[in-house]
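Going down the list, the protein sequences come from chains A and B.
Numbering that gives the first Met the number 0 puts the first sequence at residues 0 to 401.
Numbering that gives the first Met the number 0 puts the second sequence at residues 0 to 401.
The hints are simulated quantities; they were obtained by calculation from the structure and are not laboratory data.
It is possible that some hints are incorrect.
Cut-off 20 angstroms, straight-line C-alpha distance, at most; resulting in silico cross-link-like pairs (PhoX-like, lysine-lysine) [unchecked claim]:
#1 B:K17 with B:K280
#2 A:K294 with B:K17
#3 B:K244 with A:K84
#4 A:K36 with B:K52
#5 B:K244 with B:K280
Residue strings, one per chain:
Number of protein chains: 2
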Amino acid sequence: MISSEYTRELCSRDSAAKILLLVVDGLGGLPHPDTGKSELETARLPHLDALAKGGTCGLISPLGAGVTPGSGPAHLALFGYDPFKSEIGRGALSALGLGLDFARGDIAARLNFCTVDAEGLVQDRRAGRIPTEKGRELCQILQRAQVSGVKVTVAAEMEYRAGVVFRGEGLGDEVSDSDPQVTGVPPKPLIASTASSERTVEVANAFLGQAAELLAEQSPANMVLMRGFGRYPELAQMDEVYGLKALGIAGYPMYRGVAGAVGMDVVEVGWDLESECTALKERYDDYDFFYMHVKKTDSAGEDGNFDLKVQLLEELDAYIPRLQVLNPEVLIVTGDHSTPAIMRSHSWHPVPTAIAGQWALADGASEFSERGCGAGSLGVIPSTSLMSLALAHARRLDKFGA
Amino acid sequence: MISSEYTRELCSRDSAAKILLLVVDGLGGLPHPDTGKSELETARLPHLDALAKGGTCGLISPLGAGVTPGSGPAHLALFGYDPFKSEIGRGALSALGLGLDFARGDIAARLNFCTVDAEGLVQDRRAGRIPTEKGRELCQILQRAQVSGVKVTVAAEMEYRAGVVFRGEGLGDEVSDSDPQVTGVPPKPLIASTASSERTVEVANAFLGQAAELLAEQSPANMVLMRGFGRYPELAQMDEVYGLKALGIAGYPMYRGVAGAVGMDVVEVGWDLESECTALKERYDDYDFFYMHVKKTDSAGEDGNFDLKVQLLEELDAYIPRLQVLNPEVLIVTGDHSTPAIMRSHSWHPVPTAIAGQWALADGASEFSERGCGAGSLGVIPSTSLMSLALAHARRLDKFGA
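Chain A with its partners taken away, still in its complex shape:
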C-alpha cells in the first residue's frame, strides 16, 4: 500500500540486487467444469510448484475487486503506477501496441475504415469488417497523406482497425471522436475541448480530407473514422521512481510499448520463450530489473482453449530453471490479470503470485495455482503493491522513519 511518493524517497540506489519479474499474460484461470481444476491446477508444473512452496505467495488484484482490466492498466498496476490516474488513452495504447514510432509530444488516434455514401453519410462503421490484409493495403495508401509541418504515421491493426500518429509542434489530445456511433449520418466534426488541441483538429481535418481523396475509389472501405485521441503517456520513469535500470523483454509490441512508457529499455524478441531467455541472458549484466512477458497464455484463454493454456503453462514451467540459473536476488512469477479459458476473456479474478528470494518466507502454498497461492501469506493485495515488495525483497527499499 506504499504510494510511489514514499517509494521514491525510500529507494536505495546502492544495491546491485537484481529483480526478475516474469509476467504470464492472463495467468489466472477457473476450474474446468469436467474436472473442477483450473488451468494451473491441471498443468504439471514441477518448477513453478517448487517455487511457490519455497517462496512467499498470494493473489494480486489488478484494479480492485470485480474490475476486469485491459492490458494497459493491468501492466501499469504491476509496475506500481496508479492504473486509474495513469490511464493511457486508447489511441496511445493502439499506437504502443502497433509498435509505431511514437514518442513524447506525439498524438495518436485510432482509425476505423468505414463506408460512406455519395453524400458522405456513414453506411457501415466497419466497412464490412474488411480482412486484415486489406486493412494493411489501405494503410499503405493512407500513408501518402501529407500534412504541412507534421509527420504522419499510419499502421494497420486487425481487420478494419488502424492507428495514426501525428508528430509536430503544439498538439493537444483533447479532441472528440468523429465516429458517430450510428449509421445514416455524416461523421461528427472533431471538436477540441482545449485551446492546445485546436491545432490537432486542424491537422486531423487535413488528414481526413486527404483520406477521403485517397480512398475515394476503394470499396467498401472508402473513408476513415477517428476516435480515442491520446498523447504519448507522460509517466514517471522507473529509474527516477525506483532507482532501477530496467529492461523489458516482450515479443508483442504493445508490451514493449508500455514498458518503454515507464522508462524501460526494451528488447524486441520473438514470441517464443527461447528467444526471451536468450535475450535475458545476453543483457543480464546491464540491468537491475527485468520485465519478461509471456503472451500466448492469454491468447489461449481468450480463445477458450483450456488444453492449450495448460500446455503453454507446462512449456513455461520448463523454462523456469533457465531463469533461476541466473540467480536473481528476487524472482517473481505473476500475471497482469486472469483470463480463464472457460470465460474466453480477461476477468477480475486476482492473480496467483509467488516471490522467491532469500528473504521470502516459505508460507506453505501447496502449489502454484489460484487456490495454492490464495493460501499464501500475502493474502490478496493490489497489484500496485508488488513493486514495493520486489524492491523490499531485493533490499532496495530503505527504512521509513527512525
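Using the hints provided, position chain B relative to the given structure of chain A.
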C-alpha cells in the same frame, strides 16, 4: 478500490443477469466461551455451508478495521456507497426507520420527550423513560401542531423517542440541537449555521411553541427536545450508478428507507422469511437486483441471546433453497455488520460472505462462518467492494482500459 465514478462508466446495461443480495443483519459473531464456537459455527447450516464450499468466500469490512458501524452506514457500504461521504443524518435515519412519509427536500429531526419545570428548565431529558405506548399517545397529540406552509409529520419511536418531518419550501438542515445534554438549564436555542437553514429554525421554533402548549398538561413528558436535524439523503440512484433496476425487500421500515434512498423500489413485508421469499418470487421477473434483509439475527445478538441467534440462523438456512430455485446468476449471502451475542452490540469484526455463481471459484472455504469464509480467496475486502464483485460475477461490468 474502484470508485463509483468508474463503476458508473463500466456498468453494462445490456445484461439480463440477476443478482440476489441476502443481508443477514448482525451476521458475524464470536465464539461462545463454553464451546469456542461462534453462532455460525454452532448452528447446523447445511445449505449455507454448501454455498460457501461451492462459492467464493471472504470477509467484508463495513467501515474499515476497528470501526463499528451503525445500520445506515453499514448498508450504504454494502450498496457500494462511501459510508463516510454519504452519511445520513441521524434525524433522517430515524425518519427512514419510522417509515415516515419522507422525501427529497424534507427535513427530519429526532424528538426526545422530556420534563421541564415551571421556569422551562429541563428536569429530565428522557421524561422518566416513558413507555413506548405513552410515547405513541403523545405523538398523536403533537401531530395537531400546525406550522404555516409546512406539513408536519410526527411518529413515535421506542420509549421517549420520536421523530418529526417538516415538508416545505427552502428548508436547510444545518441546525443545532435544542437538547442541552444536562439538566437544570433551559433547552438550547436552535441555531442555523447556513442561511438556508434559518427558515428551518423558524419552522422548528413554531413547532416547539405549539408542542409546549399541546403537552402543558401532560406529566412527566411535557415538552420535547430536538436533535439530529437532517435532510432526506440525496444519493445517486442505483439505476444511474449501476444500471440496475433494484428491489428492496425488508420487514423493518428503516431498511426499506435506506433501500429507497439509493433508488430501489421497496416492498413492505412481514418480518418473517416466508413473506420475504413470497415477495421475492412474485416480483422476481421485474427486477435485476434484489436486496433482501433479515433483521432478527441482529436483535438476538444485541439481546445477548446466543442460542436464539443460532436458531434463527438455522431457520434462515432452511430458506436458502427457496432462493436458489429462482436461479439468480449471482447469489450473495452476507451481513451489514457483525453483532456477536457475547458483545450484545454491533461490532467491527468483518462479516462472512459467500458469492455463488457460474464464475465464482470454489476456494475451499470449509463452512459458512467467520473462520471458514476467512480462509476464502477474497481475503478481507471493504464492504464497498462487494457491489463491484456482484456486478462482475453477473458479467455486468465492462473491462477497464484496452
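Going through the hints against the structure:
Between K17 (chain B) and K280 (chain B) the CA atoms are separated by roughly 13 angstroms; this keeps the pair inside 20 angstroms, and the hint holds. A threshold of 20 angstroms between alpha carbons decides the hint, and for K294 (chain A) with K17 (chain B) the separation of about 34 angstroms lies outside it, so the pair is violated. Restraint check for K244 (chain B) and K84 (chain A): the C-alpha separation of about 31 angstroms exceeds 20 angstroms, so the hint is violated. Annotation: proposed proximity of K36 (chain A) to K52 (chain B) holds, straight-line Cα distance about 15 angstroms (limit 20 angstroms).
The hinted pair formed by K244 (chain B) and K280 (chain B) meets the criterion: a straight-line CA distance of about 16 angstroms does not exceed 20 angstroms.
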